[in-house]
Amino acid sequence: MENYGKARTVERPSVCPFTDLCPDTPEVRVKDGSKIRNLLRFALSRLEASPSRIVFTAVGKGVSKAITCAEIVKRRLKGLHQVTKLTYSSVVEVWEPLEPAAGLDSLTVNRNLPAIWILLSREPLDSNQPGYQAPGRYDALWAPTASKEEGGGPTGQRAGHRLNWFSWF
Numbered sequence: 005m006e007n008y009g010k011a012r013t014v015e016r017p018s019v020c021p022f023t024d025l026c027p028d029t030p031e032v033r034v035k036d037g038s039k040i041r042n043l044l045r046f047a048l049s050r051l052e053a054s055p056s057r058i059v060f061t062a063v064g065k066g067v068s069k070a071i072t073c074a075e076i077v078k079r080r081l082k083g084l085h086q087v088t089k090l091t092y093s094s095v096v097e098v099w100e101p102l103e104p105a106a107g108l109d110s111l112t113v114n115r116n117l118p119a120i121w122i123l124l125s126r127e128p129l130d131s132n133q134p135g136y137q138a139p140g141r142y143d144a145l146w147a148p149t150a151s152k153e154e155g156g157g158p159t160g161q162r163a164g165h166r167l168n169w170f171s172w173f
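Quick note on the working numbering: the sequence shown kicks off at 5 and runs consecutively.
No lab work stands behind these hints: they were computed from the structure.
Hints are supplied without guarantee of correctness; some may be wrong.
[What the hints assert, rightly or not] Here are the computed lysine to aspartate or glutamate pairs in the EDC-like style, where the Cα-Cα straight-line distance is at most 20 Å:
1. K89 to D36
2. K69 to E127
3. K78 to E15
4. K89 to E127
5. K10 to E103
6. K78 to E103
7. K35 to E75
8. K65 to E97
9. K65 to E103
Given only the sequences and the hints, what does the whole structure look like? Please build it.
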């Protein structure tokens, strides 16, 4: 491949897996280089307006960023239902020879990249659908455990305090 350079990349548009969406549902297309604060500003401004649904989409390296954005939106706006769909998106890359006189042909490479579609809704969604997550409380996940609060950790020390080695002798 050292004799070739990428001429162009064409991403084939993927079909939305959510068939019952209104055409005016906002869609946030997350790319690898997108700034999370810009994506959140857009998504939260749309959800504060009239739409009760929003869709996050991403392909390839942007998938983890789309998941992060959806989780942040769910923490800021309580009570959102979620349905997640995983698909593949087709990308066609055309590689041209660096030296046309070398007699090399151009190459066409078809790649299937993972894609994610995350639907967040204020209205209840079909709970029997694969990928459904009901709104929940996440406070218990971040609450400190009783043993750490009362100093009952593995060394018997209080959280945030150094162990006094001389007290053992």
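How the hints compare with the structure:
{"no.": "1", "hint": "K89 to D36", "verdict": "19 Å, holds"}
{"no.": "2", "hint": "K69 to E127", "verdict": "24 Å, violated"}
{"no.": "3", "hint": "K78 to E15", "verdict": "29 Å, violated"}
{"no.": "4", "hint": "K89 to E127", "verdict": "18 Å, holds"}
{"no.": "5", "hint": "K10 to E103", "verdict": "13 Å, holds"}
{"no.": "6", "hint": "K78 to E103", "verdict": "52 Å, violated"}
{"no.": "7", "hint": "K35 to E75", "verdict": "17 Å, holds"}
{"no.": "8", "hint": "K65 to E97", "verdict": "17 Å, holds"}
{"no.": "9", "hint": "K65 to E103", "verdict": "31 Å, violated"}
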